[in-house]
Amino acid sequence: GAVVSQHPSWVICKSGTSVKIECRSLDFQATTMFWYRQFPKQSLMLMATSNEGSKATYEQGVEKDKFLINHASLTLSTLTVTSAHPEDSSFYICSARAPGRAGAGELFFGEGSRLTVL
Amino acid sequence: AQTVTQSQPEMSVQEAETVTLSCTYDTSESDYYLFWYKQPPSRQMILVIRQEAYKQQNATENRFSVNFQKAAKSFSLKISDSQLGDAAMYFCAYRGNNNDMRFGAGTRLTVKP
Chain Y
1 GAVVSQHPSW VICKSGTSVK IECRSLDFQA TTMFWYRQFP KQSLMLMATS NEGSKATYEQ
61 GVEKDKFLIN HASLTLSTLT VTSAHPEDSS FYICSARAPG RAGAGELFFG EGSRLTVL
Chain A
1 AQTVTQSQPE MSVQEAETVT LSCTYDTSES DYYLFWYKQP PSRQMILVIR QEAYKQQNAT
61 ENRFSVNFQK AAKSFSLKIS DSQLGDAAMY FCAYRGNNND MRFGAGTRLT VKP
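Just so you know, the protein sequences line up as chains Y and A, in that order. For the first sequence, position 33 (counting from the first letter as 1) is numbered 33 according to our numbering, and the numbering increases by one without interruption. For the second sequence, position 53 (counting from the first letter as 1) is numbered 53 according to our numbering, and the numbering increases by one without interruption.
No lab work stands behind these hints: they were computed from the structure. Misleading hints may appear alongside valid ones.
[To be verified] Simulated restraints, written as ranges between beta carbons of each label pair:
#1 Y/52 to A/97: 17 to 23 Å
#2 A/31 to Y/68: 32 to 38 Å
#3 A/3 to Y/70: 26 to 32 Å
#4 Y/12 to A/40: 21 to 27 Å
A quick note: this is a predicted structure, and the numbers were derived from the prediction, not measured. Every residue, glycine too, gets a C-beta built ideally from N, C-alpha and C.
All chains should be modelled from the sequences, with the hints used to inform the complete structure.
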């Protein structure tokens with residue numbers, strides 16, 4: 001199956017700093033990737049859709065200046081949490097759809113990245 | 001906007017027994033996909049089963065099967081012969097024409113030995 005990898009798997013940072021999370025499709029090219037946020041014991045909430053070569057599309061209520069998304073290539077999307085605060089602490093998960101598998105409709109998920117802001 | 005509702009925050013089943021997890025959704029689209037994902041403590045999302053809306057036949061994957069009722073917008077998951085390894089959070093998900101995926105609140109399944 002298609003493989004999506006995230007890095008780092010966990011990160012601890014000080015309040016006010018910026019943190020970058022990478023999402024890579026290892027064996028396929030992804031024109032579109034999705035970023036989700038998951039609070040403890042809650043569901044996955046879509047934050048934004050990352051489009052290769054163009055601006056990301058953010059969901060209502062998500063601050064685009066705080067959560068910077070860059071989809072610079074067909075295999076890499078990055079999420080940068082700028083000026084992080086404790087309330088940004090969460091589990092961030094990326095996903096992608098593998099081209100050629102449009103009929104399956106399935107999204108492949110990364111392992112997730114746990115961010116803790118002190 | 002599409003919404004996915006899972007009305008059972010927690011469910012419990014005895015090992016080797018059968019359990020059904022409920023899911024309903026709301027959409028105005030006619031063509032879409034429905035999924036059940038499993039999230040164990042590792043937090044990795046694992047696809048359990050998928051259903052294309054245009055298919056009337058219910059999907060099955062070994063011990064996992066669904067009851068897809070398109071008119072009622074219902075998509076329940078049945079787990080037969082439950083195993084200890086089935087314990088996890090289960091999320092029902094909808095994917096429509098926008099290609100993004102929307103998730104229900106989840107159901108925590110406990111399997112008792």
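Item to check | residue 68 of chain Y and residue 31 of chain A - C-beta distance against the hinted 32 to 38 Å | outcome: holds (34 Å)
Checklist entry - Between residue 3 of chain A and residue 70 of chain Y, does the C-beta distance stay in 26 to 32 Å? => result Distance hint for residue 3 of chain A, residue 70 of chain Y holds at roughly 30 Å.
Next on the checklist: Given a hint of 17 to 23 Å, does the C-beta separation of residue 52 of chain Y and residue 97 of chain A actually sit inside it?
Outcome noted: For residue 97 of chain A against residue 52 of chain Y, whose Cβ atoms are near 19 Å apart, the range 17 to 23 Å holds.
Item to check | CB-CB spacing for residue 40 of chain A and residue 12 of chain Y relative to the 21 to 27 Å hint | outcome: holds (23 Å)
In the structure shown, no violation is registered for any of the earlier numbered hints.
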